[in-house]
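Participant: Sequence:
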Amino acid sequence: MTSKTETRRQGLRTRLIDLGEAVIREHGLPALKARSLAADAGCSVGAIYNVFPDLRHLALAINSRTFKLLGQQVAEAVSPVAEASARERLVAMGLAYLDFACENTPAWTALFEVDMAVKDDIPDWYMAAMEALFDRIHQPVAELRPDLSAEDVAFLAHGLFSSIHGIVWLGLQNRILAVPKAELPRMITLILSEVGA
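If you're matching positions, the sequence shown starts at 220 in our numbering and goes up one per residue.
Watch out, some of these pointers could steer you wrong.
Here are the computed distance ranges between Cβ atoms for each label pair [to be verified]:
| # | residue 1 | residue 2 | range |
| --- | --- | --- | --- |
| 1 | Gly378 | Met346 | 15 to 21 Å |
| 2 | Met346 | Ser382 | 46 to 52 Å |
| 3 | Ile410 | Thr233 | 36 to 42 Å |
| 4 | Glu370 | Thr233 | 37 to 43 Å |
Hints in this document: simulated from the structure, not taken from any laboratory. Note that CB positions come from ideal geometry on N, CA and C, so glycine has one too.
Kindly produce the complete structure, drawing on both the sequences and the hints.
Facilitator: Next up, the structure:
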């Protein structure tokens, strides 16, 4: 049976994730501050660290929700073309990724702003959420490149993700050499249409 203390602790954990998610979705990861979060949650700053070791772990918990939303949007985009060619499915995924980034820019950006220099310190569930996204790419890549080993298919899938992510990142950040935002769908479609061509 769960104790009252544990129930309160889980309640605070959920409340902090909810509040932190709202902050990140509106203002981005840099706006996630312990003092203001504690005030909004009606707890002390110390109470936050009784639930999470640090704000980084809170951000990871929030990002896990964002990964799930991203995964759902990609799945929904692929569903209507599930019987289409592998190339068409890849293009649908790439465009869904762009749409998600455009519609949820602060939360999407936060996925890549959390310090992940120490891989051993990244929770297994977080790595699983990231890998679930790559798994969606593997199948069409394997269909398009049956000549590749499973290891090379995974490598190519990661490379394609990195390419599309870079295009979207540069485009949304308005960096030098970025493709104009209106042209991002065209570039993503052209690149993904060449896989296995």
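Participant: Sort out which numbered hints this structure fails and list those numbers smallest first.
Facilitator: 2
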